[in-house]
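Sequences are here, hints too, so could you generate the full structure?
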Amino acid sequence: MTAGPENRFVLALADCAGLSAGRVGGKAAGLAALAAAGLDVPAGFVVTTDAYSAAHGTGLGTATAADARALITGTALPPEVADGIRRGYLTLGADVPVAVRSSATAEDTADASFAGQQDTYLAVCGAEQVLRSVVDCWASLYQDRAVTYRERLGYTAVPAMAVVVQRMVDPHAAGVALTLDPATGDRDTVYVEAALGLGEGVVRGDVGVDRYWIGKAGSEVRAEVGDKSVAHRAVAGAPGVQLAAVATELAGRPALTDGQIRELADLCRRVEKAFGRPMDIEWAIDEERLWLLQARPETVWSRRAELPPVGTAVDWDPLHHASPPGAHWTTVNFGETAPGVLTPLAWTLWAGAGEAALRRAAYNLGVLDAEEMRPPTDPDQAWVKSFHGRAAMRIEFLALLGDRMPGTSGAEAVRSILGEPPHTLEFAPTRHRYPAIARRLPEVMALAPGRLRREAERTRRWWRESVTAAPALDLAGARRLFAAAEQNFASTLALQTTAVIAVVQPLYQALERLTAKVGVGDMAALSSGYTGFAEVLVVEELWQAAHGRTTLAAIVAEHGFHGPLEGEVSSRVWRERPEILEALLETYRDREDPRDVAARQRATRLRLEAEVLAAVPRPARPAVRGLFAVCARRIPLRGVGKRSFLQSIDVARAAARRVGELLVADGVLAAADDVFFLTTKELTGQLPADTGDLVDRRRARREVYRTLSIPPAWRGDCVPVDGPIPTGPTITGIGVSAGVVEGVVRVLESSDTADFRPDEVLVAPCTDPSWSSIMFVSSALVVDIGGALSHASMVARELGIPAVVNTGDGTRRLRTGDRVRVDGTSGIVEILS
Numbered sequence: 039m040t041a042g043p044e045n046r047f048v049l050a051l052a053d054c055a056g057l058s059a060g061r062v063g064g065k066a067a068g069l070a071a072l073a074a075a076g077l078d079v080p081a082g083f084v085v086t087t088d089a090y091s092a093a094h095g096t097g098l099g100t101a102t103a104a105d106a107r108a109l110i111t112g113t114a115l116p117p118e119v120a121d122g123i124r125r126g127y128l129t130l131g132a133d134v135p136v137a138v139r140s141s142a143t144a145e146d147t148a149d150a151s152f153a154g155q156q157d158t159y160l161a162v163c164g165a166e167q168v169l170r171s172v173v174d175c176w177a178s179l180y181q182d183r184a185v186t187y188r189e190r191l192g193y194t195a196v197p198a199m200a201v202v203v204q205r206m207v208d209p210h211a212a213g214v215a216l217t218l219d220p221a222t223g224d225r226d227t228v229y230v231e232a233a234l235g236l237g238e239g240v241v242r243g244d245v246g247v248d249r250y251w252i253g254k255a256g257s258e259v260r261a262e263v264g265d266k267s268v269a270h271r272a273v274a275g276a277p278g279v280q281l282a283a284v285a286t287e288l289a290g291r292p293a294l295t296d297g298q299i300r301e302l303a304d305l306c307r308r309v310e311k312a313f314g315r316p317m318d319i320e321w322a323i324d325e326e327r328l329w330l331l332q333a334r335p336e337t338v339w340s341r342r343a344e345l346p347p348v349g350t351a352v353d354w355d356p357l358h359h360a361s362p363p364g365a366h367w368t369t370v371n372f373g374e375t376a377p378g379v380l381t382p383l384a385w386t387l388w389a390g391a392g393e394a395a396l397r398r399a400a401y402n403l404g405v406l407d408a409e410e411m412r413p414p415t416d417p418d419q420a421w422v423k424s425f426h427g428r429a430a431m432r433i434e435f436l437a438l439l440g441d442r443m444p445g446t447s448g449a450e451a452v453r454s455i456l457g458e459p460p461h462t463l464e465f466a467p468t469r470h471r472y473p474a475i476a477r478r479l480p481e482v483m484a485l486a487p488g489r490l491r492r493e494a495e496r497t498r499r500w501w502r503e504s505v506t507a508a509p510a511l512d513l514a515g516a517r518r519l520f521a522a523a524e525q526n527f528a529s530t531l532a533l534q535t536t537a538v539i540a541v542v543q544p545l546y547q548a549l550e551r552l553t554a555k556v557g558v559g560d561m562a563a564l565s566s567g568y569t570g571f572a573e574v575l576v577v578e579e580l581w582q583a584a585h586g587r588t589t590l591a592a593i594v595a596e597h598g599f600h601g602p603l604e605g606e607v608s609s610r611v612w613r614e615r616p617e618i619l620e621a622l623l624e625t626y627r628d629r630e631d632p633r634d635v636a637a638r639q640r641a642t643r644l645r646l647e648a649e650v651l652a653a654v655p656r657p658a659r660p661a662v663r664g665l666f667a668v669c670a671r672r673i674p675l676r677g678v679g680k681r682s683f684l685q686s687i688d689v690a691r692a693a694a695r696r697v698g699e700l701l702v703a704d705g706v707l708a709a710a711d712d713v714f715f716l717t718t719k720e721l722t723g724q725l726p727a728d729t730g731d732l733v734d735r736r737r738a739r740r741e742v743y744r745t746l747s748i749p750p751a752w753r754g755d756c757v758p759v760d761g762p763i764p765t766g767p768t769i770t771g772i773g774v775s776a777g778v779v780e781g782v783v784r785v786l787e788s789s790d791t792a793d794f795r796p797d798e799v800l801v802a803p804c805t806d807p808s809w810s811s812i813m814f815v816s817s818a819l820v821v822d823i824g825g826a827l828s829h830a831s832m833v834a835r836e837l838g839i840p841a842v843v844n845t846g847d848g849t850r851r852l853r854t855g856d857r858v859r860v861d862g863t864s865g866i867v868e869i870l871s
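Read in order, the letters of the sequence shown correspond to residues 39 to 871 in my numbering.
The set of hints was computed from the structure by calculation and includes no laboratory data. Treat the hints with care, as some may be off.
Now the in silico label distances, taken between C-beta atoms and shown as ranges [claimed, not checked]:
(1) P362 with L513: 37 to 43 Å
(2) D634 with E409: 52 to 58 Å
(3) A522 with E258: 55 to 61 Å
(4) T745 with D416: 30 to 36 Å
(5) G664 with Q181: 57 to 63 Å
We put the beta carbon where it would ideally sit given N, CA and C, even for glycine.
Structural data, given as structure tokens:
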């Protein structure tokens, strides 16, 4: 076959060198370039985009994704296309197994890899089966995941696809390699993942792998050998691949010899040199040689060249800071209320209020003196910073709190948030603050509940008045309102932090100690079945609206400050997007009244309380009864202060949007939402001279931060963790709401209900109060971060939903559509399929 016009539908892979990706697709162009560089690539041919156009023309442009798939699979191939594919297949051999792989026109570029978005078919035998697989590859252009990926990256052109057909390699081992370290971006390292058999399992994550790090400059090799008890194999005469058991004596051995590791590393260096950039490589080794199956530009670290080196920051970027050497940080506590990558306006709102709230709360309890309460002038002494756009708290604050408080320790305080303290964290227990704590703590415990309720009522009225008035304010008035919101946010956040530390957490810990001592009672059940949780009241009102007993307008008027990512000031909440609730109400109509669920939870708690009382000595029972009564009154207070500071954020949101509109009218900003890329000082004070350019730079930098993943806790400067996703059949976290559920996973980044489906296992990075509305109609909950007193945990217990929190990487390891078993007692999530 040649590149002549008579063969425009089917070309030999070797003939594709130098042809555009618009004709042969990104994958084919990359493979042809590898072959042209003298590297070993399995023989094959390409079904060009001309063939796709001849079969379907432009008739799919207005079709829905589902209709497009049906049209592609239901339309007969033009004879000249079908005959060309048959002839191409015969050049590879009679009934030879082949891989049929998508090669879309935007695939494997420097901007996006599209890896896994379209389909691949392995061990396909026979010309007619190859024809069918080519058509199925075309149809996969319109799979939901592929359409969503194109939309997210802004690809608006009508897609087209070429298809690569290559001889199958029957490998001893296969896998992927990167010409940099995926965890750190270090370009002096080659990183390899190797599995026995086909490399399909490495991509899917359903087999054990070996991991290798090979230095480019020398011969150093670091290896982690995995348990490779199963492998993907092609079966003679059958299409596709199967997961087969590996002999026990081979499962624990390295998949590659030292010589093969070095040969592969050398090959990776040659590929990187040929393409002039870091590369993402698929490879396989059979009895004859090392084969290259694919090489695409690496698209994660390669897009981060604009970031400052680790440990540095730039003045114009408020979203990333350097850490003092050896300091310990966590996003776990802030992650619930200040989620994800914040905008500059949101971060600077949280920065001042968060630092002040921690210090004020510790002072209120007597833990800090007046000098320590003041925000530090030295940035290295701050307890709150932002790293790659994520709000983080210094873990040393928790250690100090525990070390100075009677009845606990620094290690226990850290353990309550992180599970186990970092081994490098130092503690300094002391009693010198005990007298001050003895004076202040009883007063705080007695007065905080009343202060919370009074502040909640005042803030509620102020919120309603302010968001109503904001759209009519002039620029000076909108700026004053934002400043007032900033001040109210700081004061309500400090009050909430004080109440959690001084009231809610000690009561919960007292229950824990009691149940551990008597050996009776389940903490999840003992700490639920209370009345007055603000988030549960929202669920009850939504159920009432779904059954015609109240109106959506009434709910928005009372709870409209809730909504997706409600701790981010730029988000659009329920009062701005009531349609979110309209869609949700449909799912509530056939649900049990949540008040009935609450009644059962309360009955269970009362039964367990009686069992605990029976197990303690008679003289201690009055004190235990008193503890139970105080817990019932005060543990639900956790949500009261949160409502107040979320209402303060919503007033800031309304004021900022008004400022943005007015600055657009004055020609200062190009769009109203550009205001969220200013800082709080810039919005309320003097605007920088280069406002438009500054907004553009900050927006672009934030988009880069959104491509990064960072750990929930770390020491020193924060290094992203874009390494390989851990594999294995189970995910372990903390069981916080009892029960076992099997179900289908739905991974969501926010509580926007557009992609939500009832009765699925909800998997989220974190939750804020707006998630309660969809938690009610979920079968179980799995969350990356959080502890027993987190929002997710407490609401799940009240709603009777099994929940596992603090998985760390559940959203990375689970995908929508997976089937899992969630055990809310043991804290284990088992991946079933």
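Hint-by-hint comparison with the structure:
no.	hint	verdict
1	P362 with L513: 37 to 43 Å	39 Å, holds
2	D634 with E409: 52 to 58 Å	53 Å, holds
3	A522 with E258: 55 to 61 Å	59 Å, holds
4	T745 with D416: 30 to 36 Å	32 Å, holds
5	G664 with Q181: 57 to 63 Å	60 Å, holds
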